[in-house]
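Spelled out from the first residue to the last, the chains are:
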Amino acid sequence: MFCDFDLHMPDRLDDALSVLTDEKGMPMAGGTNLLVDMRSRKETPASVIALGNVGELRGIHFNDERTTIGSRTTVSDLLQSTELVSSSPSLVEAAAVFAGQMVRNAATVGGNIACASPAADLVPPLLSLDAELMLVSASGSRTVPLADYYQGYKRNIRGKDELITQISWARLPENSVNMFYKLARRKGDAITIVGVAVTLSISNGICRKARIALGAVAPYVLRARESERRLEGQVISEELLCAAASQAARECCPIDDVRASATYRRHVVKALVGRLLSQSWNRLV
Amino acid sequence: MIYGGPSDETAPNVKRWQVGKPLPRIDAAGKAFGSTPYAGDHVMPGMLHMCIVRANIASAKLRFLDVAKARALEGVVEILTAEDLPIAEVAPGSPDRDGTERPNTGPPILAGERIRYFGEPIALIAAETRDIAERARQLVEFDLEPLAGVYDPLEAMKPGAPIVQGNDNIVAVRNIRKGDAANRLEDADYVVENTFWTPFQEHAFLEPEAGLAWTDENDVINIRVCTQDIAHFRAIADAIGVPHNKVRVRGALVGGGFGGKEDCTLEKFLAVMVRKTRCPVRLEYSREDSFVGHGKRHPLILRYKTGVGKDGKISGLDVEIVADSGAYLFLSPYVLLYAAVASSGPYRIDNLNVRARAVATNNMYTSAFRGYGSMQACAAYEQQMDEVARVLEMDPIEFRRLNYLQTGEPISTGFVPPSAIWTEQCVDRAWKAMGGPVNSTQEHIKIGRGIAAYQQSYGRLSFLGDTSEAWVGVELDGTVIVRSGVADIGAGQISALCQITAEILGVALEDVVIYSSDSAVTPLAGRTAATRTLYMTGNATKQAAEAIRARLVRRAAQEFGVAPDEIDLVEGKVLARAQPDNCMSIGALAEICETEGICRSELAMFHPQLQDFLDPETGQGQAHPDYVYGAHAAEVSVDTETGEVCVLRSIGVHDVGQCINRAAVEGQIEGGAQNGQGFALSEEMLYEEGRLVTPSLSEYLMPTSMDMPRVESIILESRSGIGPFGAKGIGEPAITPVAPAIANAIANAIGVRVFQMPITPERIVNALEERDKRRRTMTAR
Numbered sequence: 093m094f095c096d097f098d099l100h101m102p103d104r105l106d107d108a109l110s111v112l113t114d115e116k117g118m119p120m121a122g123g124t125n126l127l128v129d130m131r132s133r134k135e136t137p138a139s140v141i142a143l144g145n146v147g148e149l150r151g152i153h154f155n156d157e158r159t160t161i162g163s164r165t166t167v168s169d170l171l172q173s174t175e176l177v178s179s180s181p182s183l184v185e186a187a188a189v190f191a192g193q194m195v196r197n198a199a200t201v202g203g204n205i206a207c208a209s210p211a212a213d214l215v216p217p218l219l220s221l222d223a224e225l226m227l228v229s230a231s232g233s234r235t236v237p238l239a240d241y242y243q244g245y246k247r248n249i250r251g252k253d254e255l256i257t258q259i260s261w262a263r264l265p266e267n268s269v270n271m272f273y274k275l276a277r278r279k280g281d282a283i284t285i286v287g288v289a290v291t292l293s294i295s296n297g298i299c300r301k302a303r304i305a306l307g308a309v310a311p312y313v314l315r316a317r318e319s320e321r322r323l324e325g326q327v328i329s330e331e332l333l334c335a336a337a338s339q340a341a342r343e344c345c346p347i348d349d350v351r352a353s354a355t356y357r358r359h360v361v362k363a364l365v366g367r368l369l370s371q372s373w374n375r376l377v
Numbered sequence: 041m042i043y044g045g046p047s048d049e050t051a052p053n054v055k056r057w058q059v060g061k062p063l064p065r066i067d068a069a070g071k072a073f074g075s076t077p078y079a080g081d082h083v084m085p086g087m088l089h090m091c092i093v094r095a096n097i098a099s100a101k102l103r104f105l106d107v108a109k110a111r112a113l114e115g116v117v118e119i120l121t122a123e124d125l126p127i128a129e130v131a132p133g134s135p136d137r138d139g140t141e142r143p144n145t146g147p148p149i150l151a152g153e154r155i156r157y158f159g160e161p162i163a164l165i166a167a168e169t170r171d172i173a174e175r176a177r178q179l180v181e182f183d184l185e186p187l188a189g190v191y192d193p194l195e196a197m198k199p200g201a202p203i204v205q206g207n208d209n210i211v212a213v214r215n216i217r218k219g220d221a222a223n224r225l226e227d228a229d230y231v232v233e234n235t236f237w238t239p240f241q242e243h244a245f246l247e248p249e250a251g252l253a254w255t256d257e258n259d260v261i262n263i264r265v266c267t268q269d270i271a272h273f274r275a276i277a278d279a280i281g282v283p284h285n286k287v288r289v290r291g292a293l294v295g296g297g298f299g300g301k302e303d304c305t306l307e308k309f310l311a312v313m314v315r316k317t318r319c320p321v322r323l324e325y326s327r328e329d330s331f332v333g334h335g336k337r338h339p340l341i342l343r344y345k346t347g348v349g350k351d352g353k354i355s356g357l358d359v360e361i362v363a364d365s366g367a368y369l370f371l372s373p374y375v376l377l378y379a380a381v382a383s384s385g386p387y388r389i390d391n392l393n394v395r396a397r398a399v400a401t402n403n404m405y406t407s408a409f410r411g412y413g414s415m416q417a418c419a420a421y422e423q424q425m426d427e428v429a430r431v432l433e434m435d436p437i438e439f440r441r442l443n444y445l446q447t448g449e450p451i452s453t454g455f456v457p458p459s460a461i462w463t464e465q466c467v468d469r470a471w472k473a474m475g476g477p478v479n480s481t482q483e484h485i486k487i488g489r490g491i492a493a494y495q496q497s498y499g500r501l502s503f504l505g506d507t508s509e510a511w512v513g514v515e516l517d518g519t520v521i522v523r524s525g526v527a528d529i530g531a532g533q534i535s536a537l538c539q540i541t542a543e544i545l546g547v548a549l550e551d552v553v554i555y556s557s558d559s560a561v562t563p564l565a566g567r568t569a570a571t572r573t574l575y576m577t578g579n580a581t582k583q584a585a586e587a588i589r590a591r592l593v594r595r596a597a598q599e600f601g602v603a604p605d606e607i608d609l610v611e612g613k614v615l616a617r618a619q620p621d622n623c624m625s626i627g628a629l630a631e632i633c634e635t636e637g638i639c640r641s642e643l644a645m646f647h648p649q650l651q652d653f654l655d656p657e658t659g660q661g662q663a664h665p666d667y668v669y670g671a672h673a674a675e676v677s678v679d680t681e682t683g684e685v686c687v688l689r690s691i692g693v694h695d696v697g698q699c700i701n702r703a704a705v706e707g708q709i710e711g712g713a714q715n716g717q718g719f720a721l722s723e724e725m726l727y728e729e730g731r732l733v734t735p736s737l738s739e740y741l742m743p744t745s746m747d748m749p750r751v752e753s754i755i756l757e758s759r760s761g762i763g764p765f766g767a768k769g770i771g772e773p774a775i776t777p778v779a780p781a782i783a784n785a786i787a788n789a790i791g792v793r794v795f796q797m798p799i800t801p802e803r804i805v806n807a808l809e810e811r812d813k814r815r816r817t818m819t820a821r
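Protein chains in written order, with the numbering used here: chain V, 93 to 377; chain S, 41 to 821.
By construction, these hints were calculated from the structure, which means they are not laboratory data. Some clues are possibly wrong.
Stated by the list, open to error - Calculated pairs, DSSO-like style, for lysine-lysine (alpha carbon to alpha carbon, straight line, at most 30 angstroms):
1. K486/S x K362/V
2. K362/V x K813/S
3. K279/V x K486/S
4. K134/V x K101/S
5. K134/V x K109/S
6. K246/V x K301/V
7. K101/S x K218/S
8. K109/S x K279/V
9. K116/V x K134/V
10. K218/S x K350/S
Computed from a predicted structure; not experimentally measured.
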């Protein structure tokens, strides 16, 4: 079972940050990953800072420009918000197929980002929305694009004394479609084989903005930047979307694991990116 | 037995007032409200907590094992290794009457020098708390020297392969031969040959293995455990070297068995530890322990070669089966026999040649699992039927219709089942329920439908001999007690026995209480396996209840001055049919019996006639008492770009003979549909050099409620079975045809077959790509 650890259960963010100084301290939000890893002794933290009582980190807020959510917002919370469905459809789609109901009730948006799993289902949508993270420590705060957050397999730029406190993104431009698709071996409670989120903004037949984010096909959730560049500024055509899909498949670097082979994952990236792009285009014309 | 012709309903010959109704099971409320104690809920003051040290290499030599550091830990009470055990080798529990020589491959309780599979137990720890036991496990030092292993049954049969068991790794051989298959294949209009692969499967019951053992005032070792077979008390006693009457197994309601709790699981570990420490000991498997702690479903490789005429009649069939037995024998010879007997399916095949072998490897050992070899055979023969139909360019159902085994005709072993064979009715009903065709609205989504029929035995192998006992007694207030050693593994076994008793004695189900699953005080009823409990113990219970009924009726007839056949027992009352005023409560009648010394209880035994072993050369003879027939139909959608499959419809149609509890029968059909769908599509135990790499329920993917369509159950009742009231059985039959129905639906949807289960999205994509490649090559030519 678990190793011995000190448990902190702060009520306020300041208190949480004040104990989050030790190298071996580990923040815990929903615990749906951490507790599993501790049970199998993959993780043996000296102290756990449980954030469950820090109410200020939970909530979804909208203003004219941006959507902002607290990092302790649960996946189930995302599914309760009707406004989110229109502002950030891919995130809601991902939340709906995220694990199973019991995990959704506990797992949090911040936790899903911080665990840095390449298969984290909320990350492709948030990347496709150009989300930014606010990282706060006892000595200050900073805002970083989610696209710059990951540095390698389960590695990110969060300092040991920092917490993700909120995630925010700008409203989508007019004439945009934002979608997510999760491919897994079953519909409920499954780890993603390939996750794809796209944003496509088109006006006058020209792609103004393209975002393609790919889950579970690289050491961390990846943006297919080359593929995006091929689309932006171009006149949209079936051929162009097809070329972008092939490019996305070239940009990913999947591995073989128990769920699927790298070859299959690459094949699916091409199929799903192509499908999501052309579905988006069809919705806009 | 008289049959009403090819109709799918036969009227019951008497009015039933309990049997057949969908009554709430007697165990339902306790489970729903959480008040039912399972084996793991039992605790005792001063009990010790156990854990198991397991080998982490599949094929190895244990060079050294040092428990000194672990033993020194405060709170550790005892650590046992192979050296400490009285008898290392213990044969599997089943009596060996199969007529074949077989190598001594019984697993030791704890491995000594030779490690044959990943997870093999090498030491047992008992400590004052679970936490201390766990810490002690980390302190046990051992060194394994890897030895060459073999992980593929085909490789294991090759000369020079590392030997796991016996001289050549072949641990069982079963042949069936009748007619002249070789020549009929030679002169057939078409010969269709295919090879099918079926995977390992994990039972994944909700309740992992758990047990508590203690020594009582008679120096009897008591073991409270979740098991399908309390009669293991004998094997446990033999293992620790005490007389059989010094071990008592007390079952509990079991949170799922599916065959995974048919062999001994943790009983022997508890027994050796309680004997050594004289303290109560408790052991509970984690899910990870459970994954490596009991045998899996045998993966089979089945090569089918079918000869067929232009008229669609099968002229000959040649089948070769190779089963992966894993590191130890367990029930492999029997599972293999089931597969061989079932391999021709519910079809009339006069020229048949089956060669089946079970092969030892360093994979996890394989043993009983719902369907027990027959369902793997069905997965192959029903896909093969569709493939043959495709070659003939015939409708798969019409092709089957030309070959169905009919009531009164012999199966593969030459044996004529005593009951009705309603395959045709079941298939037709399933297909009719499917309704008109459905078309996909999206280009990349294809929709397809498939059917599979089956033959599945119920009752134990006829040459092993089988008995089952039940005791029934009427109390002085008219309530009823049943005692029988059956293990209820969640399928409604004990409730069905109560319902049968209630029917015969004319009381309500609530008026019957059953005591079950205690090897010392309930009459032994045999294991809950082989779809035998309703047939065997149902008959024993019925016999006991009928004997009491006869005595009660005789006494009442005397009381009312009428003939015994004019007496009815209904709703807790005894009455003369023609004179409704002549009436008394069953309790009052029981009082009279008590006063006059008329016995109000009865112990009955049911046993089918013992048969000779099948002919060792030809496999001809009686393998089982009888068979169940039915079908499953599935409709699927397949995404041709990603290979994703969605099961849209799942329809089980089974001739169960007679429902005892209709709701329980539906429950079995629904569970079978889920269990079979997982086998077909998503459940995969992956081993790398024998090491399980999918050891949790997040990697081993059973279908969830999100993946299941609404399962449609169509229950036919031929009332021709040899169980109580003409019942057959449904436990195993429910799963048997599900996977091939889904496989056939997928092939129907995409026009290409995946020959290896589980049919994963990746395998579908690969099969489609191969086909496209073949097409391109052909066009280029």
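Taking each numbered hint in turn, which are not upheld by the structure, reported in ascending numerical order? As far as the earlier hints go, 7 and 8 are violated by this structure, in ascending order.
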